[in-house]
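K.L.:
First to last, the protein sequences are chains A and B.
Each step along the first sequence adds one to the number in UniProt numbering, with nothing skipped, and position 70 is 70.
Each step along the second sequence adds one to the number in UniProt numbering, with nothing skipped, and position 2 is 2.
Read the hints as simulated data drawn from the structure, not as lab findings.
Don't be surprised by glycine CBs; every beta carbon is placed ideally from N, CA and C.
Honestly, I wouldn't trust all of these hints.
Stated by the list, open to error - Using C-beta positions, here's what the derived DEER-type ranges look like:
1) A/R47 x B/G25: 39 to 45 Å
2) B/E65 x A/E6: 21 to 27 Å
3) B/E30 x A/E29: 43 to 49 Å
4) A/G36 x B/L7: 17 to 23 Å
5) B/E78 x A/L7: 21 to 27 Å
6) B/E30 x A/E6: 28 to 34 Å
7) B/R47 x A/Q19: 32 to 38 Å
8) A/Q19 x B/E6: 28 to 34 Å
9) B/G25 x A/E23: 39 to 45 Å
Stated by the list, open to error - Covered stretches of chain A (in silico footprint by chain B; criterion: 3 or more residues with CB under 8 Å from a CB of chain B, positions within the stretch not fixed):
10) 34-47
11) 52-60
Given next are the chains, with one letter for each unit.
There are 2 protein chains.
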Amino acid sequence: MTKKGELSIKQRFGLAIKQRRGELGISQEELAFKSGLHRTYISDIERGTRNPSLENIEKLAKALEISISTLFANYGIE
Amino acid sequence: MTKKGELSIKQRFGLAIKQRRGELGISQEELAFKSGLHRTYISDIERGTRNPSLENIEKLAKALEISISTLFANYGIE
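So that you can see chain A by itself, here it is in the shape it has in the complex (with noise of 0.2 Å):
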């Protein structure tokens, strides 16, 4: 199992995006919706393999509902 240090920081920010969108009981589908973004966009986020620019976090932390400060601190992306 690899640990939480072990991974890039795509794939904990992956992982910080689907624990806040389960937090908030979101599809990916709504998550979708809600950003601006493509839905395969999301899952590819989630599974670690796209590497976000800066204005998508944006989106992204604006349809969660979050300060990229509080998703990056709160969500073992740091």
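Given the coordinates of chain A, work out where chain B should sit on it, guided by the hints.
P.N.:
Frame of chain A; chain B shown alone:
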């Protein structure tokens, strides 16, 4: 004079990078060397014309000896 609220996240991120770099008293060249990014990229970032990826944000934060969450929370990005 543009009020901070009207600035894009790219512009706010650029101002934060410039401010933090100034606090450390290092040049754009030194930040480029420390982060492994190109000097002109650093210059573009500070002018708010680049939309950096998550991995480049991580490189910049590490080179600036600050966590991403602190950079976003304490330097006017959010």
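K.L.:
Out of the numbered hints, which ones does the structure contradict?
P.N.:
10
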